[in-house]
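> The chain contents come next:
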Amino acid sequence: MSEKPAEIMFAQACNMAMAKAMADDPKVILMGEDIADEQGGGVFKVTAGLSAQFGTDRVRSTPISEQAIVGAAVGSALVGYKPVAEIMLMNFITVAMDQIVNHAAKLRFMSGGQTSVPLTIRTTTGAGTGLGGQHSDMLEAWLAHVPGLKVVAASNPADAYGLLYSSIMDPNPVIFIENTPTYFTKGPAPAPDHVVPLGKASVPREGTDISLITYGRGVGASHAVAEKLAGEGISCEIVDLRTIAPFDEETVLKSVAKTKAAVVVHEAVKNFGTGAEISSRIHEELFSELKAPVGRVGSGYAPVPFSPAIEKAWMFSEDDIEREIRKILG
Amino acid sequence: MADKDVLIDIFTRADLIMQSDIKFRKMIGAGQLQIVYYPVRGQEVVSAAMMAAVNQEDYLVTIYRGLHDQLAKGIPSKDLWAEFAGKMAGTCKGKGGPMHITHPETGVMVTTGIVGSGIPIANGLGLASQLEKDDKVTVCCFGDGASNIGAFHEGLNMAQVWKLPVIFLCQNNLYSEHTPMAFATSSETIKQRGDGLGMRSVRVNGNDASEMYAAAKEAVEYARAGNGPTLIEAMTFRFHGHLLGDTSHYIPEEEMEQALKDDPMPILRQQLLDMQISETDIAAIEAKNAATIEEAAQFALDAPYPPGDEYRIDVLDVEIAA
Numbered sequence: 001m002s003e004k005p006a007e008i009m010f011a012q013a014c015n016m017a018m019a020k021a022m023a024d025d026p027k028v029i030l031m032g033e034d035i036a037d038e039q040g041g042g043v044f045k046v047t048a049g050l051s052a053q054f055g056t057d058r059v060r061s062t063p064i065s066e067q068a069i070v071g072a073a074v075g076s077a078l079v080g081y082k083p084v085a086e087i088m089l090m091n092f093i094t095v096a097m098d099q100i101v102n103h104a105a106k107l108r109f110m111s112g113g114q115t116s117v118p119l120t121i122r123t124t125t126g127a128g129t130g131l132g133g134q135h136s137d138m139l140e141a142w143l144a145h146v147p148g149l150k151v152v153a154a155s156n157p158a159d160a161y162g163l164l165y166s167s168i169m170d171p172n173p174v175i176f177i178e179n180t181p182t183y184f185t186k187g188p189a190p191a192p193d194h195v196v197p198l199g200k201a202s203v204p205r206e207g208t209d210i211s212l213i214t215y216g217r218g219v220g221a222s223h224a225v226a227e228k229l230a231g232e233g234i235s236c237e238i239v240d241l242r243t244i245a246p247f248d249e250e251t252v253l254k255s256v257a258k259t260k261a262a263v264v265v266h267e268a269v270k271n272f273g274t275g276a277e278i279s280s281r282i283h284e285e286l287f288s289e290l291k292a293p294v295g296r297v298g299s300g301y302a303p304v305p306f307s308p309a310i311e312k313a314w315m316f317s318e319d320d321i322e323r324e325i326r327k328i329l330g
Numbered sequence: 001m002a003d004k005d006v007l008i009d010i011f012t013r014a015d016l017i018m019q020s021d022i023k024f025r026k027m028i029g030a031g032q033l034q035i036v037y038y039p040v041r042g043q044e045v046v047s048a049a050m051m052a053a054v055n056q057e058d059y060l061v062t063i064y065r066g067l068h069d070q071l072a073k074g075i076p077s078k079d080l081w082a083e084f085a086g087k088m089a090g091t092c093k094g095k096g097g098p099m100h101i102t103h104p105e106t107g108v109m110v111t112t113g114i115v116g117s118g119i120p121i122a123n124g125l126g127l128a129s130q131l132e133k134d135d136k137v138t139v140c141c142f143g144d145g146a147s148n149i150g151a152f153h154e155g156l157n158m159a160q161v162w163k164l165p166v167i168f169l170c171q172n173n174l175y176s177e178h179t180p181m182a183f184a185t186s187s188e189t190i191k192q193r194g195d196g197l198g199m200r201s202v203r204v205n206g207n208d209a210s211e212m213y214a215a216a217k218e219a220v221e222y223a224r225a226g227n228g229p230t231l232i233e234a235m236t237f238r239f240h241g242h243l244l245g246d247t248s249h250y251i252p253e254e255e256m257e258q259a260l261k262d263d264p265m266p267i268l269r270q271q272l273l274d275m276q277i278s279e280t281d282i283a284a285i286e287a288k289n290a291a292t293i294e295e296a297a298q299f300a301l302d303a304p305y306p307p308g309d310e311y312r313i314d315v316l317d318v319e320i321a322a
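The listed protein sequences correspond, in order, to chains A and B. Mapping the first sequence onto the numbering used here, position 55 (from 1) lands on 55, and the numbers just tick up by one. Mapping the second sequence onto the numbering used here, position 226 (from 1) lands on 226, and the numbers just tick up by one.
Some chain A residues close to chain B (C-beta under 8 Å, calculated; not the full set):
{"hint": "1", "residue": "D57"}
{"hint": "2", "residue": "A68"}
{"hint": "3", "residue": "G71"}
{"hint": "4", "residue": "Q114"}
Simulated pairs of lysine-lysine, DSSO-like, Cα-Cα distance not exceeding 30 Å:
{"hint": "5", "chain 1": "A", "residue 1": "K45", "chain 2": "B", "residue 2": "K163"}
{"hint": "6", "chain 1": "A", "residue 1": "K312", "chain 2": "A", "residue 2": "K45"}
{"hint": "7", "chain 1": "B", "residue 1": "K133", "chain 2": "A", "residue 2": "K20"}
{"hint": "8", "chain 1": "A", "residue 1": "K27", "chain 2": "B", "residue 2": "K163"}
{"hint": "9", "chain 1": "B", "residue 1": "K163", "chain 2": "A", "residue 2": "K20"}
Read the hints as simulated data drawn from the structure, not as lab findings. Since the model is a prediction, treat every value here as computed from it, not as a measurement. The beta carbon of each residue, even a glycine, is placed where N, CA and C say it ideally should be.
Using the sequences and the hints, build the whole thing.
Set out below in structure tokens:
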């Protein structure tokens, strides 16, 4: 690769972030199902070429054993490694929740700070591709509710690169959520030293009438709606959280203090989603200044359906975002 | 029979465990400590012999019934007692408690309250040692009940596939909580499960210091030589139920009587006498342990509690805002 491509795919950005982290720090190791090149470099090829470059001691294909994968990551992290465990699909995280919630998240605290668990769990998910109820869930709210975990979701390749690198180097356990349907969408390539700090939201579009607070795939949908409404003179500001937990309250509140209106947008089921917490925080701080109650857009209260006809109806959409904005702005 | 120095070492550790257990139960009974306590009386020799076969820098992962493992591995009594009492001077500043002891200076990396969960974590410690080539082994303790949870099977399989330097020490006290092993475990032995996973597996009388030590030493040497893990099924018994207050009503009387007759502690003490170690020397070990415990218990009672604000520290690497 003598010439830097102007654009890269999301999956490629993740691959490059891991390669950089591994080159920068010999303590970075990868484990997961089928991730080494001999097993195909990952089912979505996100780790392709890494075992060839860094060896199978550091890039390890594992048995299909999510508890054992996360446990091995926890144990090695306790003694100085920076493991990156790939849990192929986010639904499989359920199998490893004991290791994540009871151990990764709590060992720093329960040991009184004597040990820490600087691991990263990469996992991918996302509806809209007909994978049905057990391969598509967005479960970030479960994880965001656990003290001691950081939860990250990138909305574009450059952020994915900078955020994944930061996640790997972070001294806390981080869940890095990738989005399968957007793995192969392209975006501007980051500079090799591009780093996005955790806990800092971005404002990729400034506006004055309403704040759309979102992350991951919600960002692209929000941009599309903002573009459409701009034609009618409605000015939307977009806040891309990038880190879901702990989220950047300062940037969110600053934006809403300016626009006096907000919609929280996410792909996950709306009920008890992260939108509830974010909306609540805005109400607690800015209630008297708001033009209308904060709106929420999320997917329906049902498992992800298989049939495209039902899946489309269930899933959050640009139409939902537009409707919510119009409702709030009256 | 293990040699004299080894047996004295094992006895010294085991006696500290026994006396500590007695003292804890006494203080809890007297209302001086208000904690949930999982008694270890009866299982002293398993831990003492295992830990006599490893070094301080080797790792240990254990479980909520872990006092014997923690003391045998060398955590200073004062630090441990203070943690059990929830005090700032405890190993974990009072934030872990009896079920969550960590003390890296003596290699005690994790104590888990979730049955079987230490097994996958022990693999991670073993993996680190394998990558570092630091010659360390990891001892992972759990009970017979843990062999019925998924983490056991996932963890042992991975350890064997990766030939990790981990010793899986199943302290088989024949009861998982209140359920006898035969009622809830399909195999006759835990060793069979290790065999089924292709792992070197042995079954020993864990209450016999020499037999337990020999098995431990062999497993440690096997792991250090790079051959991989061993499952040791160490047969033992617990005399005071699952947790303090449990009357052991579910254990047949004759089984309990026999177990008490086979109490490993008087047997080990007699073995020392038989090896011409004097009563005076043994009594000196016991007196020293008693003094250590008295001092630790008093220290734990007198030590201050952590400030309430301590809950905002150690959640993440930075303090959580009030």
